[in-house]
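Chemist: Each protein sequence line maps, in turn, to chains A and B. Note that the working numbering has the first sequence beginning at 1, numbered continuously upward. Note that the working numbering has the second sequence beginning at 281, numbered continuously upward.
These aren't lab readings, by the way, just hints derived from the structure by calculation. Each hint should be verified, as a subset may be incorrect.
Derived, one-sided and incomplete: chain A residues facing chain B with beta-carbon distance under 7 Å [what the hints assert, rightly or not]:
#1 Asn29
#2 Lys30
#3 Leu31
#4 Ala76
#5 Val87
#6 Gln198
#7 Glu207
#8 Ile210
#9 Tyr250
#10 Asp251
#11 Glu275
Glycine included, each C-beta is placed from N, C-alpha and C at the ideal position.
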Amino acid sequence: MKALLGKTVFIAGSEKNAGKTCFFNYALNKLRGRTRLAFLSSGLDGESEDMAFGGRKPRVAVFPGEIIATSQSSLAAADAGCEVLEVFPAATALGKMAVVRILRGGFMELSGPASNARLAEIIASLRGGFGAQTVLVDGAANRLTQLSAADGAGFVYVAKVERLRAQAVADALALLRELSELRAGMRGLFIEGALTPQRAQAVPQKEKRIVLEDCTKVFLNLPQWRAFARGRKIYFRRRFGLIFAVANLYDISRGRFAEMLKDFPPEKLVFNPYEDIRGV
Amino acid sequence: MKTFAEFDWLLGRFLPRTPYGRAAKDRLLFYSSPKELEGEFGLTEAFISFAAKFPVRADKLEFHLARIPFIDENAPPDCAALFCLKKFLLNAKAAFALLPKPLAAALGADWRLEGLLKTLSRGEGGENFHIDDSFSPELVSVRREIAAVSAEIARLRGRTLARLKREHSLDFSAREFIVIEESSAAKLFGNPDFFIEPHDSSHVVVRPVFGAQYLELCAKRDGFARAEKREEAKILSALARGAARHLPEMRRCAAAVERADILLAKARLAAAHGLTRPVILKPGAAIVIKKGRLPPLEARLAAEKLRYSPLSCGFSGRVAVISGSNMGGKTVALKTLGFCQLCLQHGFFVPAEKYSAPVFAAAHFAGGGGGEVAGLSSFGLELHGFMSAWKDADRGCFILMDEFARATNSREGGALLSAIISAFCAKQGVYAFVSTHFSGLRAPAAYYRMKGFDGAAFSGHGGAAGDLRGRLRQINRFMRYELAPDSGKAANCDALEVARLLGFDGGIISRAKFVLEGK
Numbered sequence: 001m002k003a004l005l006g007k008t009v010f011i012a013g014s015e016k017n018a019g020k021t022c023f024f025n026y027a028l029n030k031l032r033g034r035t036r037l038a039f040l041s042s043g044l045d046g047e048s049e050d051m052a053f054g055g056r057k058p059r060v061a062v063f064p065g066e067i068i069a070t071s072q073s074s075l076a077a078a079d080a081g082c083e084v085l086e087v088f089p090a091a092t093a094l095g096k097m098a099v100v101r102i103l104r105g106g107f108m109e110l111s112g113p114a115s116n117a118r119l120a121e122i123i124a125s126l127r128g129g130f131g132a133q134t135v136l137v138d139g140a141a142n143r144l145t146q147l148s149a150a151d152g153a154g155f156v157y158v159a160k161v162e163r164l165r166a167q168a169v170a171d172a173l174a175l176l177r178e179l180s181e182l183r184a185g186m187r188g189l190f191i192e193g194a195l196t197p198q199r200a201q202a203v204p205q206k207e208k209r210i211v212l213e214d215c216t217k218v219f220l221n222l223p224q225w226r227a228f229a230r231g232r233k234i235y236f237r238r239r240f241g242l243i244f245a246v247a248n249l250y251d252i253s254r255g256r257f258a259e260m261l262k263d264f265p266p267e268k269l270v271f272n273p274y275e276d277i278r279g280v
Numbered sequence: 281m282k283t284f285a286e287f288d289w290l291l292g293r294f295l296p297r298t299p300y301g302r303a304a305k306d307r308l309l310f311y312s313s314p315k316e317l318e319g320e321f322g323l324t325e326a327f328i329s330f331a332a333k334f335p336v337r338a339d340k341l342e343f344h345l346a347r348i349p350f351i352d353e354n355a356p357p358d359c360a361a362l363f364c365l366k367k368f369l370l371n372a373k374a375a376f377a378l379l380p381k382p383l384a385a386a387l388g389a390d391w392r393l394e395g396l397l398k399t400l401s402r403g404e405g406g407e408n409f410h411i412d413d414s415f416s417p418e419l420v421s422v423r424r425e426i427a428a429v430s431a432e433i434a435r436l437r438g439r440t441l442a443r444l445k446r447e448h449s450l451d452f453s454a455r456e457f458i459v460i461e462e463s464s465a466a467k468l469f470g471n472p473d474f475f476i477e478p479h480d481s482s483h484v485v486v487r488p489v490f491g492a493q494y495l496e497l498c499a500k501r502d503g504f505a506r507a508e509k510r511e512e513a514k515i516l517s518a519l520a521r522g523a524a525r526h527l528p529e530m531r532r533c534a535a536a537v538e539r540a541d542i543l544l545a546k547a548r549l550a551a552a553h554g555l556t557r558p559v560i561l562k563p564g565a566a567i568v569i570k571k572g573r574l575p576p577l578e579a580r581l582a583a584e585k586l587r588y589s590p591l592s593c594g595f596s597g598r599v600a601v602i603s604g605s606n607m608g609g610k611t612v613a614l615k616t617l618g619f620c621q622l623c624l625q626h627g628f629f630v631p632a633e634k635y636s637a638p639v640f641a642a643a644h645f646a647g648g649g650g651g652e653v654a655g656l657s658s659f660g661l662e663l664h665g666f667m668s669a670w671k672d673a674d675r676g677c678f679i680l681m682d683e684f685a686r687a688t689n690s691r692e693g694g695a696l697l698s699a700i701i702s703a704f705c706a707k708q709g710v711y712a713f714v715s716t717h718f719s720g721l722r723a724p725a726a727y728y729r730m731k732g733f734d735g736a737a738f739s740g741h742g743g744a745a746g747d748l749r750g751r752l753r754q755i756n757r758f759m760r761y762e763l764a765p766d767s768g769k770a771a772n773c774d775a776l777e778v779a780r781l782l783g784f785d786g787g788i789i790s791r792a793k794f795v796l797e798g799k
């Protein structure tokens with residue numbers, strides 16, 4: 001968890017129930033006491049992601065001194081004691097977003113602002129006005145675009161790896177690795193907005209230096225990306241680093257999945273942190 | 281008019297700090313009362329001298345204004361709403377205290393909400409807000425119970441986790457559950473310390489079970505937490521009711537905040553861009569502009585390192601017709617007048633050494649640039665623009681027309697423009713500034729022309745050459761962007777010279793001269 005210290009870290013997930021919020025809680029537990037910690041969710045208006053599957057989003061344990069951003073209605077439902085430090089004017093379906101300091105520990109549901117711009121504003125205030133050193137953002141599943149809310153942020157990618165879909169996840173991780181290894185640069189043909197398969201096809205082959213906004217704007221799969229990148233130097237205006245990936249394995253062994261990943265750097269891959277392989 | 285005069289340049293730099301000020305900016309009052317405007321200018325002047333004399337206090341004032349949130353009178357009574365109210369009061373009080381007494385009195389910024397602020401500040405003097413124990417003894421009691429039972433839960437949980445680690449080597453300290461191979465977990469099956477469920481075909485999820493006492497304690501804590509919420513809700517409602525009793529005073533306070541914010545922003549704008557107080561004239565008096573500037577153009581030219589010439593002119597009548605060379609500055613002259621007049625009408629200082637003008641009920645750009653109307657040609661759009669302006673003619677109206685009827689034949693266009701100018705002259709409340717290339721207009725207006733290209737100065741210079749940028753630089757250097765009364769003697773003969781300077785084909789220019797001379 002050292003890799004997360006001092007950063008704004010988005011926890012992104014490959015899909016619903018990938019284990020993102022579990023990892024978020026795990027990371028919180030590991031980071032507590034080691035850094036001035038603030039955390040929030042990037043869930044959109046009322047998007048309490050597990051609501052889609054019939055259950056409320058799990059509440060997060062909070063402890064005195066922690067700084068948290070959440071909505072008015074989540075605050076009203078919290079059993080933790082807190083003081084309000086700031087309220088942001090733009091309202092979501094769950095009320096305005098507020099920043100609070102926990103006075104008495106307990107549980108709290110995290111809900112997030114309606115847009116990336118608002119998210120950026122809140123993260124800036126957590127790091128600036130409220131002095132948070134490490135900001136952890138529980139991202140919505142499969143929405144890397146939220147990364148663009150914070151310049152210089154990194155992300156942890158939590159993937160649910162099932163045997164039948166393991167190759168697709170391996171490809172997604174390989175793509176993320178390749179994207180996060182690209183360097184920042186400004187010179188070249190700038191492609192504003194999303195790089196979709198259609199737009200990628202339309203870029204003339206003679207253009208050898210391409211500048212993209214950031215990795216969240218790449219909407220290509222691995223083969224499409226590799227075809228686009230072949231023979232070209234590609235840069236990002238803003239770089240977001242993959243800090244590491246978490247693979248939650250279902251019916252597939254570590255060895256088998258590692259084989260599929262081939263040259264994915266092992267130091268950037270964490271297998272299910274909830275697994276105990278020492279035996280009982 | 282705003283688009284033509286590039287007035288957004290000013291609005292983009294006019295930066296009120298409060299939500300009240302920003303809402304007022306969006307409403308952007310168009311003053312038509314000289315008395316109200318004099319009041320606004322007087323206060324702006326007072327804020328300018330306050331900010332110049334006490335820069336630190338002015339910065340502090342801006343700091344507190346920037347921290348003032350919007351108070352939603354219909355917000356539900358919760359901690360967030362009361363936080364906003366407290367933050368509003370705290371910063372409004374600090375802002376009012378920074379204002380010099382005469383200014384505070386003029387804005388109605390006298391502080392009368394100390395009682396409400398004190399109530400909201402129990403237990404916390406800063407902007408932060410929480411429901412302090414001191415609000416109710418019941419709250420103290422229930423919170424004490426929560427603290428006691430929470431401590432008991434933590435002890436029990438800690439003891440259980442330590443025992444599970446000791447007895448089974450399973451560390452749940454940072455994990456809510458552990459995933460282990462089913463074969464390894466076999467000996468845990470049936471153990472009441474664990475809840476086990478499948479993970480996949482070969483692994484299980486193991487969760488610690490803390491026991492009945494733990495559940496009872498959690499239920500007890502939940503019960504106390506609900507009681508705390510009920511008590512807090514009572515306190516919040518009482519606080520909200522208390523605040524509602526001060527509503528008229530709070531509205532008065534918000535109005536004073538808005539005025540202070542707007543005036544400070546206007547003062548900052550004036551100081552940053554060298555704006556001066558305009559002089560309001562009686563209806564009928566002629567407009568005078570001395571070294572009037574069009575700041576967006578001035579900035580563009582400065583970026584290109586090109587010379588900028590401010591506009592000076594004492595107009596001799598209400599209706600002025602401006603002619604002159606191509607690229608000679610007619611349109612800029614109109615834009616400058618429009619910019620200054622809009623500043624005046626919206627209560628801003630003006631970018632001029634001196635600007636004197638009456639106040640109007642409306643200001644119009646009667647040209648084709650006011651957007652698209654389906655089915656209308658550019659000439660149709662010009663007519664449409666004129667008709668919109670003409671509706672306001674009886675109320676007193678400031679009108680700009682830039683090369684009206686340029687898109688129709690010159691004979692009819694000139695006749696139509698003559699008639700329009702005559703109509704303007706006949707309406708006492710209308711002030712109009714009309715740029716045109718038409719000569720021989722027959723209307724009783726005051727006629728002016730831009731001095732145009734200084735051929736004498738240029739002839740000694742040696743001719744034009746280079747790329748378009750260089751050629752534009754030459755034009756800028758030798759064009760005299762000055763407005764002077766038009767005696768009618770000078771002919772509009774700069775078009776061919778300008779064409780030559782822009783690098784136009786010399787043969788074609790010679791042929792044109794030949795035609796012009798009637799050969």
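Chemist: Next step is simple, just say for each hint if it's right about the structure.
Modeler: Hints, verified against the model:
no. : hint   : result
1   : Asn29  : 4 Å, holds
2   : Lys30  : 5 Å, holds
3   : Leu31  : 10 Å, violated
4   : Ala76  : 6 Å, holds
5   : Val87  : 5 Å, holds
6   : Gln198 : 31 Å, violated
7   : Glu207 : 27 Å, violated
8   : Ile210 : 30 Å, violated
9   : Tyr250 : 4 Å, holds
10  : Asp251 : 4 Å, holds
11  : Glu275 : 4 Å, holds
In summary, the structure is inconsistent with hints 3, 6, 7, 8 from the numbered list given earlier, while agreeing with the others.
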